[in-house]
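Peer 1: Residue-level listing of the chains:
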Amino acid sequence: MTTGRPPAAERPGVGRETRRRGREGSAWWVYLAVAAFAALIAGIFLSVLFNSFAATWFGGWLPDAYTTKWYRFALAEFDLARVLGVTIVVGVAVTLASLLLGLPAAYVLARRTFPGKNIVLMTLILPMLVPPITYGIPLAAMLYRLHLGGSLAGVILINIVPALPFVVLIMTPFFEQIDPNLERAARMLGARLFRIFTRVLLPLVLPGMLAAGLLILVRTIALFELTFLISGARSQTLVVALYYAAFAAGIRPSQSIDAMAVVYMVTSLVLLLTALRFINPVNMVIRVKR
Amino acid sequence: MPEIGAPRHRGRGLDALLLAPAVLAVLVLFIIPFAYGLLLSLEPHGVLAKGGPLANYAAFFGNPRERASIWNTLRLALPVTLIDLAIALPLAYRLRRPIPGQRVITALLVIPMTLGTVLIAEGMIEFFSPAGWFNKIALALHLTATPLQLVHNYTGVFISLLISDFPAVFLVLLGFASGIDPNLERAARMLGAGWWARLTRVTLPLLAPGIAAAAALSFVATFSVFPSAVLVGQPAGETRVIALAAWQAAYERYDYSQASAIAIVMAAIELIFVAGVLVLRSQAYRGPTLGGRA
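Protein chains in written order, with this note's numbering: chain X, 1 to 290; chain D, 1 to 294.
These are computed hints drawn from the structure, not numbers from a lab. Keep in mind that a hint or two might mislead.
Here are the simulated distance ranges between beta carbons [as the list claims (entries may be wrong)]:
(1) D:L148 x X:T68: 31 to 41 Å
(2) D:A68 x X:T68: 16 to 26 Å
(3) D:R75 x X:N181: 54 to 64 Å
(4) X:A248 x D:N153: 15 to 25 Å
(5) X:L96 x D:H142: 39 to 49 Å
(6) X:L32 x D:G194: 22 to 32 Å
(7) X:A76 x D:R12: 51 to 61 Å
We treat Cβ as the ideally placed atom computed from N, Cα and C, and that holds for glycine.
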């Protein structure tokens, strides 16, 4: 035998369980690696969480006393109410706009073959492959030239760029899964195109739309670079405000910055965990061919 | 409009109409800005205006401090990409067949990706600070005599990239690995191939497109590092990365022309890397990954 595994696992007639374990090897090291990664992430996030509630924290493992005053401080000092408002408006507007633009395209790409389809698909996916800061600088320069710099409209426009490819990437397989016979049947029964779309297709892709929408919302809220390049003092989203606060650390107590970080973390986590109920995380990065 | 299926040519017109909004949006918000940036970079401003269309590029490569930003970025992006690939590869390969808790594991990995680099950086400032938990544990275990300086330098940015880049690398590899028919490896084993032969002759060649995709994605993402280079790095010195150089040109010197030139240089380097990966990839095995079932 060339492997270091027990030869029993290779011989026929051994129990199915044993054989499987012999073939695949045990997974303890996977759990170990994941636990290490989880511990690191937990350490990083819990440091922020504990610090945000710390009245004082001198050298001990945990804060000496707890308080919620840093949240009230952050609310006033960072204009958190407005920042949250801007974040929600931008997130929702970007999500709706990119769904509206991307859904029809995803439908055509799922259903039809036509000359140049690959070129169209590549064009639509392209912004996902280029990092935001790379195209963001010329794009921001152009938007400033068009007097959209610093405005809410500018922030929304610039954030549609990475969101749109995402809609196409996620929604195309959802449309592919719908049996084309359903549309044919509806058409035979006299339904017009608009009716087919609203009464047959939309209800069927609703779960996909919900998942794509939630993920775009989370990603838009988390995407720092583009908003950073275009936003003004009154059009900052939460993550940009957090960056400026962390950048100017030392001016304000670190606990108040961490309080803002916790608000950001909780907002994103709730949305993300909801989205993960609907969709396989692998699809967030690439489209898996089955 | 006829009652039964519309004629083909009518369908084509409708298809174009449905595609148009998305394609136009990408054109106006992505392709035209790139062209605009390219043209802008060829029209130097201020003192560079006399130097001809390439003066911005000449100024960038002629200034040692500006030029160094490329190296500052490469010495982060290349090792981070390699290390994340080396960690993610065995994990993704093992997880191509579900194990208990798979969903929790993938969700756990996705969380840092979604929360983004700014939050990770802010958390790292606390966690890795001299009085933070990490140094407390290291001191308690006698791994070090004095607290380690892990933020506000190269190490800080390196760690933050390692964390924020890992999930995407892992998920790409997992996507590709789960597309490989396990029977191919079983067949190799039956034919007498040892684990090393199976790894190098079957598994890795089949995974090559996934490795290429993950490497390209990871390099491009880490090469454009920005917020963590400022927050947990040393933005005036060893972690003055190329994105920061571009940003400073635009927002500190208000020279969008120079900033666009740096952004174009950044895009060009990313393109060269991706092209290099694709060339390497084309040398490797091409074909079905589904064995007899394909």
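Peer 1: A separate judgement is required for each hint: does it hold in the structure or not?
Peer 2: We went through each hint and held it up to the structure:
1. D:L148 x X:T68: 31 to 41 Å: 32 Å, holds
2. D:A68 x X:T68: 16 to 26 Å: 46 Å, violated
3. D:R75 x X:N181: 54 to 64 Å: For R75 (chain D) and N181 (chain X) the Cβ distance comes to about 57 Å; the hint holds.
4. X:A248 x D:N153: 15 to 25 Å: Holds: the Cβ-Cβ distance is about 20 Å, inside 15 to 25 Å.
5. X:L96 x D:H142: 39 to 49 Å: 56 Å, violated
6. X:L32 x D:G194: 22 to 32 Å: 25 Å, holds
7. X:A76 x D:R12: 51 to 61 Å: 59 Å, holds
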